Every structure is written in structure tokens, then in C-alpha cells.
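A.B. asks: Those sequence lines, one after another, are chains S and P. Using numbering that gives the first Met the number 0, the final residue of the first sequence is 441, and nothing's skipped along the way. Using numbering that gives the first Met the number 0, the final residue of the second sequence is 303, and nothing's skipped along the way.
Source of the hints: derived by calculation from the structure; they are not laboratory data. Quick caveat, the model's predicted, so the values are computed rather than measured. You may find that some hints are simply not true.
[As the list claims (entries may be wrong)] Label pairs and their in silico Cβ distance ranges:
#	chain 1	residue 1	chain 2	residue 2	range
1	P	Val235	S	Met304	48 to 56 Å
2	S	Ser158	P	Arg29	19 to 27 Å
3	P	Ala79	S	Met304	36 to 44 Å
Glycine residues also receive a C-beta, built at the ideal position from the N, C-alpha and C atoms.
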Amino acid sequence: MGVSTFGGLQTALRGLLAQQRSLDVTSHNVANASTPGYSRQEAVLAASRPLHIAAGAVQNGGAAELGTGVDVLAYTRARDQFLDLQYRAQAMRLGGLSAQVEGLETVEGALAEPGENGISTQLQKFWSDWEDLANAPESQATRQALVESAEGLAASISSLDSQLVTAKEQAAAEYTSITQAGGEVEQMATEIAELNASIRSSLNSGATPNDLYDKRDLLLDKLSSLAQTSVTDLGNGTIEVDFGDAAVPLVAETTVTWPQALTEPQGKLGTLIELASPTGRIASYREELGAFAQELAESVNALHMSGGGPAFFSFTAGSAASTLAVNVSAAEVQTTATGAEGANDIALAIGALRGGKAESAYSSFVSRVGTDMNNARRAAENSEVLVNAVQERRESTSGVSLDEEMTNLVRFQRAYQASARAMTTFDEALDTLINRTGRVGL
Amino acid sequence: MPARITNAMVSRTVLYDLGSASRRLAQSERQLSSGKQLTRPSDNPFGVSRAIQLRGQLEATQQYRRNVNEGIGWTTATEAALTRITDVVQRARELLVEAGNDSNGAVARESVATEIDALTESLKQEANTTYEGRYVFAGTATETSPYALGGVDTFAGNAGSVPRVIGAGVAVAVNVSAREVLGEGQGAADNKLLDVMRDIAENLRGNTPADAEALRGTDLERLDTNLDNLTSVRAVVGATMNRLEGAGSRLDELEESGVDLLSKVEDADMAETLTSYTTEKTAYEAALKAGANIVQMSLLDFLH
Numbered sequence: 000m001g002v003s004t005f006g007g008l009q010t011a012l013r014g015l016l017a018q019q020r021s022l023d024v025t026s027h028n029v030a031n032a033s034t035p036g037y038s039r040q041e042a043v044l045a046a047s048r049p050l051h052i053a054a055g056a057v058q059n060g061g062a063a064e065l066g067t068g069v070d071v072l073a074y075t076r077a078r079d080q081f082l083d084l085q086y087r088a089q090a091m092r093l094g095g096l097s098a099q100v101e102g103l104e105t106v107e108g109a110l111a112e113p114g115e116n117g118i119s120t121q122l123q124k125f126w127s128d129w130e131d132l133a134n135a136p137e138s139q140a141t142r143q144a145l146v147e148s149a150e151g152l153a154a155s156i157s158s159l160d161s162q163l164v165t166a167k168e169q170a171a172a173e174y175t176s177i178t179q180a181g182g183e184v185e186q187m188a189t190e191i192a193e194l195n196a197s198i199r200s201s202l203n204s205g206a207t208p209n210d211l212y213d214k215r216d217l218l219l220d221k222l223s224s225l226a227q228t229s230v231t232d233l234g235n236g237t238i239e240v241d242f243g244d245a246a247v248p249l250v251a252e253t254t255v256t257w258p259q260a261l262t263e264p265q266g267k268l269g270t271l272i273e274l275a276s277p278t279g280r281i282a283s284y285r286e287e288l289g290a291f292a293q294e295l296a297e298s299v300n301a302l303h304m305s306g307g308g309p310a311f312f313s314f315t316a317g318s319a320a321s322t323l324a325v326n327v328s329a330a331e332v333q334t335t336a337t338g339a340e341g342a343n344d345i346a347l348a349i350g351a352l353r354g355g356k357a358e359s360a361y362s363s364f365v366s367r368v369g370t371d372m373n374n375a376r377r378a379a380e381n382s383e384v385l386v387n388a389v390q391e392r393r394e395s396t397s398g399v400s401l402d403e404e405m406t407n408l409v410r411f412q413r414a415y416q417a418s419a420r421a422m423t424t425f426d427e428a429l430d431t432l433i434n435r436t437g438r439v440g441l
Numbered sequence: 000m001p002a003r004i005t006n007a008m009v010s011r012t013v014l015y016d017l018g019s020a021s022r023r024l025a026q027s028e029r030q031l032s033s034g035k036q037l038t039r040p041s042d043n044p045f046g047v048s049r050a051i052q053l054r055g056q057l058e059a060t061q062q063y064r065r066n067v068n069e070g071i072g073w074t075t076a077t078e079a080a081l082t083r084i085t086d087v088v089q090r091a092r093e094l095l096v097e098a099g100n101d102s103n104g105a106v107a108r109e110s111v112a113t114e115i116d117a118l119t120e121s122l123k124q125e126a127n128t129t130y131e132g133r134y135v136f137a138g139t140a141t142e143t144s145p146y147a148l149g150g151v152d153t154f155a156g157n158a159g160s161v162p163r164v165i166g167a168g169v170a171v172a173v174n175v176s177a178r179e180v181l182g183e184g185q186g187a188a189d190n191k192l193l194d195v196m197r198d199i200a201e202n203l204r205g206n207t208p209a210d211a212e213a214l215r216g217t218d219l220e221r222l223d224t225n226l227d228n229l230t231s232v233r234a235v236v237g238a239t240m241n242r243l244e245g246a247g248s249r250l251d252e253l254e255e256s257g258v259d260l261l262s263k264v265e266d267a268d269m270a271e272t273l274t275s276y277t278t279e280k281t282a283y284e285a286a287l288k289a290g291a292n293i294v295q296m297s298l299l300d301f302l303h
């Protein structure tokens with residue numbers, strides 16, 4: 000079988016088209032250089048099916064294959080699924096730790112320690128006021144000052160407690176807003192389900208929906224910072240997404256099942272559940288603060304009532320921090336059990352509580368909050384470094400390098416020009432053949 | 000194959016490094032502007048709890064210092080009153096020695112007796128001395144005057160002690176009861192000042208040989224015994240005052256070292272902070288400049 004006279008033109012045309020596709024892809028890459036979640040694409044070129052030339056085509060009488068140019072085999076995206084898995088595991092940790100840092104920052108800020116406005120300073124002032132009263136038990140002004148500073152102290156303790164409650168409620172509210180019907184989780188799940196449908200129909204029609212894959216992967220990245228997210232490929236282009244410890248998969252093919260109850264989902268939602276839980280960290284801070292308030296009130300009351308007087312502080316056992324209040328008026332403040340106006344035994348004894356159990360309870364509370372905060376912040380920083388490292392590797396595989404794209408642009412442009420030149424050459428050759436051949440002597 | 004470096008990677012790395020440089024800078028700035036190296040419990044949980052403890056100790060020391068000052072005020076008032084009481088008793092003794100001389104007639108004795116009565120009144124007045132509105136000789140009945148002026152000599156105060164706390168668990172009684180010095184008069188026959196003074200006045204007015212004998216003998220002796228008693232009471236007050244003053248200067252030293260210690264734990268070391276601030280600022284500026292150059296650079300700049 001001979002070779003068509005016009006075969007070379009066809010080869011040059013294939014070259015032109017393939018280089019044009021490559022330029023298109025390069026241009027798409029450059030346009031998406033800063034699109035989040037975008038993976039760089041490539042037009043995979045391969046030599047097209049050669050033309051088989053029957054025996055006798057070459058000198059020694061053998062058969063041969065004549066190249067017919069180039070074809071675009073596929074458009075691929077550069078993506079490493081293993082890095083995606085690593086990224087999602089780290090993003091989940093970081094999501095949890097960042098939420099913890101944010102939650103604890105509220106608590107730490109509410110403490111106002113160390114400083115002039117913290118409870119420790121007010122507590123010292125309270126003891127000093129008792130000693131001042133011991134120095135002048137007859138003085139109404141000193142009693143009044145004592146009652147006022149005690150009221151300030153009680154108010155600070157209960158306001159710290161209510162700030163802790165607020166921090167807890169904020170965590171609960173944030174959890175609800177993310178997980179409620181129509182919330183962040185459901186929105187992302189719905190989008191994933193829709194993408195599943197689009198990807199499936201794209202694949203059915205024989206296309207490779209690279210950009211849809213990228214969009215779906217980006218949504219999975221975002222979901223994974225909220226809770227443990229695991230992905231199962233269902234084979235037809237769709238995926239199943241298991242979210243946290245939800246009983247039913249969040250997304251299966253095109254079905255979304257949400258809202259669902261979560262108990263230990265890890266990630267940001269896991270931290271929010273822990274912070275808001277009645278056995279969680281903030282609740283344990285409240286307990287510790289309550290124990291301090293109760294210790295303070297009980298130790299002062301025991302001495303204050305030793306002469307038969309009223310209790311100095313009133314509180315409800317079990318929620319001492321929120322209910323702590325001064326129970327006496329200035330005139331009812333007891334300074335002595337003996338009844339003499341100048342005696343100061345009770346005032347002295349209460350003043351001597353300084354540096355005692357209540358104070359060490361409070362300072363260990365502050366130190367615990369500080370240590371927790373410190374640990375959380377350090378862990379979050381470490382986790383951020385890890386996320387960055389994975390992100391860096393992912394970026395190295397999938398990211399768009401403008402230098403590379405520019406080089407490709409030059410390469411493809413030159414190849415395009417060369418193909419066009421080849422076509423011109425054929426054209427000229429055919430011109431010679433068709434228009435000038437056989438015109439000898441005309 | 001070497002790792003591909005993309006533009007987004009470069010920008011992100013630059014951004015991340017700038018972020019951490021600026022965080023470090025902000026930390027130094029916070030330390031510089033607040034003057035504290037501890038501004039939150041998480042800066043150094045152990046340091047913060049130590050700072051809280053030290054601040055508590057410092058506040059306690061300052062309170063003890065106030066207590067000491069109060070005690071010194073109280074004992075000074077006591078001491079002054081006791082000095083005046085001693086003067087009065089000395090004057091009474093002079094009168095007694097003079098009047099014991101038989102050459103004085105009944106009229107002269109009567110006038111001495113009148114002066115003794117006046118001195119007795121002033122003794123009671125001194126015993127009613129107050130410090131900041133409180134009777135210092137009345138025990139813990141500080142709002143009751145210890146003696147009523149006039150003929151009744153009963154002590155209206157009590158034997159309570161007035162302690163001032165001068166250190167953790169250390170209390171010093173700063174008061175002296177007037178009963179120890181003045182007693183409760185003839186009714187109690189306790190040989191204290193009021194009893195003796197009333198007896199002297201009676202003997203001066205008695206005009207019998209026995210009275211004259213008593214004036215020269217027992218009255219003088221009893222007055223001397225009381226002077227001795229006064230001296231020893233004053234010695235106790237003086238010792239208390241010395242103790243308070245000693246405690247005061249010790250507390251001053253403690254306060255100074257407490258402030259110093261707290262500052263070491265809590266305050267930023269300015270020289271060190273300034274140095275690291277400057278270093279961090281330079282590093283940040285350098286990072287900014289380098290970042291600006293790196294991010295700009297691309298093959299695009301060279302292809303035409």
C-alpha cells in the first residue's frame with residue numbers, strides 16, 4: 000500500500016492542533032496560578048497510530064511504519080492522593096488545636112492575671128482590709144471599706160465565672176452554627192454530592208473532569224479541618240465521605256445525610272464539643288474556681304461566725320463562684336468574739352488567712368489555665384508547621400510554576416511555528432507537483 | 000528530580016516567615032511598652048504563679064508595715080502619757096516631802112492637800128489619753144474612758160490586750176491597762192497610785208500624829224513603790240516600741256527585697272528586651288525587603 004501524497008499535510012495539521020491544545024492547557028494553568036485547590040494540568044501527547052506500509056516499501060523489501068504525527072492522549076492533573084491524606088490528617092489536628100487556642104484565649108483574657116485588676120490583687124486587698132480593721136476595730140469607715148472591697152472581690156469572682164460560662168456557650172453556639180441544617184457542613188456536603196453527580200456524568204461521556212476533581216478535593220480539605228474525614232472511592236467517579244463518628248456516611252454518591260449526632264468527631268468540632276461539655280475543660284475550670292470561692296467563703300465564715308455573728312459571705316454550695324456575695328452590712332462585720340469595741344481577735348484571725356489554702360487554690364488555678372494555654376498554643380504552632388510542610392509538598396506537586404509555564408509557552412509556540420513551517424513546506428512541494436510539473440516546453 | 004518550586008510556594012513561605020517574624024516583634028513590643036515580661040499566664044505559667052505569690056507576700060509586708068506604724072503611734076501616745084503621769088507623781092512626792100515637815104501648820108497642809116487632789120484629777124485625765132479617738136489605757140473597751148473625773152475611782156476599762164500583727168503569725172500587744180498603774184482607789188485598797196494619792200490627801204487633812212507619821216513613813220514608801228512600778232511599766236512600753244521599730248526597719252528591708260524579687264520575675268529586662276527588639280526589627284525589615292524582591296522575580300521579567 001502506498002502513502003498518500005497528502006499524508007504529510009495531515010501530520011503537520013495534527014502537530015498544529017496538538018501544540019494548540021498544549022498552549023490552551025498552559026494558558027489555563029497560568030490563569031489558575033492562584034486559584035485555591037487548583038492542580039496544574041498537562042496535555043499528554045503521544046505519537047499517533049503509525050501508517051503500516053506493506054512489504055517492499057524499504058530497500059531490503061521489508062515492511063515499515065510511517066509516523067503520522069501526534070495526538071493528545073489525555074488531559075491529566077498533577078495530584079498526589081497520598082499527600083491529600085496526610086494533609087487532611089494534619090488539618091484535622093490543626094483545626095482542633097486552633098479552636099482550643101481560641102477558646103482558652105477567652106478564659107485567659109478573663110483572668111486578667113498577672114496585674115492590678117486580677118482576683119489575686121483583690122484578694123490581697125481583702126486580707127489587708129481585715130488587718131486595717133484589726134488596727135481600728137471601732138472605725139465605721141474601715142468597716143465600710145472592708146465590705147466594699149469584699150463586694151468587689153465577690154463580684155470579680157462571679158464575673159469570672161460568668162465569663163467562663165460565656166466561653167462555654169460560645170463554643171456550643173459555634174458548634175451548632177457549623178452543624179445545624181443549612182450550616183457549613185451541610186453546604187459542603189451538598190456541594191460534594193452535586194460534584195459527585197457531575198463527575199459521574201462527565202466520566203460517562205468519556206471526559207476527565209479535572210477541575211471538578213479539584214473543587215471536590217478542596218471541599219474535602221475544608222471538611223477535614225472540622226472533623227475526622229475519610230473518603231472511599233466508589234469507582235464510578237463518586238466518593239463516599241465519612242464524617243467524624245457520624246453513624247451514616249455524610250455523603251454517599253449523591254445522597255447527603257445531615258444533620259447527624261457526633262460525639263467524638265475530632266478536629267474543630269471535637270474541640271468545640273469538648274469545650275462546651277459539662278465534663279469538659281471549661282467546666283473543670285469552673286469547678287476549680289468554685290472550689291476556691293467555697294474555700295474562701297467557708298474559711299472566712301467559720302471565723303466570722305465564731306463569736307455568734309452572721310456569715311460574712313453567702314453562697315450556694317456547689318456553685319460558690321457564681322453565687323458568692325457579701326452577706327453583712329458594715330455594722331454587722333464582726334471583729335471580736337468578746338464584745339469589746341476595741342478587741343480585734345476575729346479580724347486578726349481572718350487577716351491571718353492570707354497566704355492560706357484559698358490563695359494557693361487560686362494560684363494553682365491560674366497556673367493550670369496558663370499551662371493549658373501554653374501547651375495548646377505550642378501544639379497548634381507545631382501542627383501549623385506540619386500542615387505547612389505537607390502543603391508545601393502538595394504545592395510542589397500540584398502547584399503552578401509560572402517559570403515552568405512560561406518555558407512551556409515558548410516551547411509550544413515554537414513547536415506550533417515549526418508545524419506551520421512543515422505545512423508550508425508541503426504546500427510548496429505540492430505546488431511544484433500540481434502547478435509546475437509536466438509543463439515542459441509550454 | 001529536584002522538588003518543583005512554584006510561585007505560590009515562594010509567596011506562602013515568605014508570608015509564613017514574615018508572620019512569625021512579626022509575631023516575635025509584637026511580643027517584644029508588648030514587653031517594651033508594658034515593661035513586663037509576664038503579661039498573660041501562658042507566657043510562663045510557673046513564673047506567673049510565682050509572681051502572684053510574691054505580689055501577695057509584698058502586699059502582706061506592706062500591710063505589716065502599716066500595722067507597725069499604727070502600733071508605734073499607739074505606744075508613743077502611751078509613752079507620752081506615762082511620762083506625764085511620772086511628772087505628776089514626782090510633783091506629788093515633792094509636795095509630800097515638804098508637807099511631811101511638822102513645821103507646816105494645818106492651813107498649809109490643807110493647801111497641799113488641795114494640790115494633791117488636783118494632781119489626782121490630772122492623773123486620771125492622763126489615764127484617759129486617746130490615740131486617734133481611742134482610749135489607750137482602757138484595754139479593749141477603747142470607747143469608754145477608763146476613769147470618770149471626780150470622786151469615783153473605779154476603772155471602767157477591761158484587761159483585754161490590743162495586739163498588732165507585725166509579721167506572719169506574730170502579734171504584739173501594744174497597750175497597757177491603766178489599772179496596773181492607777182488602780183481603783185481607796186475602795187480597792189490596792190496600793191496603786193489613786194489609792195495612795197487619796198490616802199495622802201486624807202492624811203494631810205487628818206492633823207493627828209498618826210497622820211503625820213504616815214505622811215513621813217508609809218505614804219512616802221508607797222509612793223516610791225508606785226514610782227518604781229511606773230518605771231517598769233514604761234520600760235515595758237519602751238521595749239514594745241523598740242520591738243516595733245526593729246520590726247519596721249526589717250519590714251522595710253523585706254519590702255525592698257520583695258519589690259526587687261517581683262521585678263525580677265515580672266518585669267522585662269529592658270536592656271535585653273531592647274536588644275532583642277532591635278534584632279527582631281532588623282530581621283523583620285530584612286525579611287520584608289528580601290520578600291519583596293523574591294516575590295517579584297519571575298521568568299516573565301526576562302522573556303520578551
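A.B. asks: Hint by hint, note whether the structure agrees.
C.D. replies: Hints and how they fare:
Checking the proposed 48 to 56 Å range against P:Val235 and S:Met304 shows it is violated: the Cβ atoms sit about 35 Å from each other. With their beta carbons about 25 Å apart, S:Ser158 and P:Arg29 fall inside the hinted range of 19 to 27 Å. One distance hint, 36 to 44 Å for the beta-carbon pair P:Ala79 and S:Met304, holds here, with the actual separation near 39 Å.
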